[in-house]
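**Q** Chains as they are written, first to last, in this note's numbering: chain A, 1 to 111; chain B, 112 to 226.
Worth flagging that the hints you see were computed from the coordinates, not collected in a lab. Please note that a few of the clues may not be correct.
Here are the simulated DSS-like pairs of lysine-lysine, each with C-alpha atoms no more than 30 Å apart in a straight line [as the list claims (entries may be wrong)]:
id, chain 1, residue 1, chain 2, residue 2
1, A, Lys-42, A, Lys-58
2, A, Lys-22, A, Lys-68
3, A, Lys-42, B, Lys-173
4, A, Lys-71, B, Lys-189
5, A, Lys-103, A, Lys-58
6, A, Lys-68, B, Lys-155
7, A, Lys-37, B, Lys-122
8, A, Lys-103, B, Lys-182
Partial chain B-side listing against chain A, Cβ under 10 Å, derived [unchecked claim]:
id, residue
9, Gly-151
10, Gly-153
11, Gln-159
12, Gly-164
13, Val-166
14, Leu-181
15, Val-184
16, Ala-204
17, Gly-218
18, Pro-219
Every residue gets a Cβ at the ideal spot worked out from N, C-alpha and C, and that includes glycine.
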Amino acid sequence: GENVEQHPSTLSVQEGDSAVIKCTYSDSASNYFPWYKQELGKRPQLIIDIRSNVGEKKDQRIAVTLNKTAKHFSLHITETQPEDSAVYFCAARPPYSTLTFGKGTMLLVSP
Amino acid sequence: EAGVAQSPRYKIIEKRQSVAFWCNPISGHATLYWYQQILGQGPKLLIQFQNNGVVDDSQLPKDRFSAERLKGVDSTLKIQPAKLEDSAVYLCASSTPATGAYEQYFGPGTRLTVT
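Just chain A, with the same shape it has in the complex (with noise of 0.2 Å):
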């Protein structure tokens, strides 16, 4: 089945600066690269999603890239808030099957 490594596990920004989450996944036919925020206790929403016949896509001061060739997609948040602080989760669907979630970066955004 589909795996999904996740990098960094922890990263801290100083609020204003960038912050990027790199994922890997090993099935070559995943299609559906969403991108999850979880707030402490609370429950995960969608931030930015990606499908396979794109590169890249952005929403405000988030983005998505995607790279099929190297089998790896990052997330990309520019000029971080405090309340950016959050784990994020990527995960990856193969066309009929279903989500499998990295393990997630615990972002900390410092005012």
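Guided by the hints, dock chain B onto chain A, whose structure is given.
**A** Frame of chain A; chain B shown alone:
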């Protein structure tokens, strides 16, 4: 629109006891998922339903876990008997292919502590 509902929010039981969790998905969502999220890890799929049929239960420990979605709407997940390693947050999610979207909407979860 109302979100995914789950109950209870918290449960503490002793090992070898049984426990049941309930989930009500977003209205009209045909697909329902149960995930187990152990502290410090990402959600792990336990079972996926499409209406009232099971699509994937390959990671469900069937000797102790069971789930049903009899009328294709709400669902229950049961653990009997519970083990210490079952301590986790159990998340329910739902989705619909109606709009071509893949997004899964998660409920608030049930935090289970087995002592």
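**Q** Could you run down the list of hints and mark each one as holding or not?
**A** Do the hints match the structure? See the list:
no., hint, verdict
1, A/Lys-42 / A/Lys-58, "25 Å, holds"
2, A/Lys-22 / A/Lys-68, "14 Å, holds"
3, A/Lys-42 / B/Lys-173, "28 Å, holds"
4, A/Lys-71 / B/Lys-189, "37 Å, violated"
5, A/Lys-103 / A/Lys-58, "23 Å, holds"
6, A/Lys-68 / B/Lys-155, "24 Å, holds"
7, A/Lys-37 / B/Lys-122, "24 Å, holds"
8, A/Lys-103 / B/Lys-182, "34 Å, violated"
9, Gly-151, "7 Å, holds"
10, Gly-153, "3 Å, holds"
11, Gln-159, "6 Å, holds"
12, Gly-164, "15 Å, violated"
13, Val-166, "8 Å, holds"
14, Leu-181, "22 Å, violated"
15, Val-184, "20 Å, violated"
16, Ala-204, "8 Å, holds"
17, Gly-218, "6 Å, holds"
18, Pro-219, "5 Å, holds"
Figure legend: structure checked against the earlier numbered hints; hints not met, in rising order: 4, 8, 12, 14, 15.
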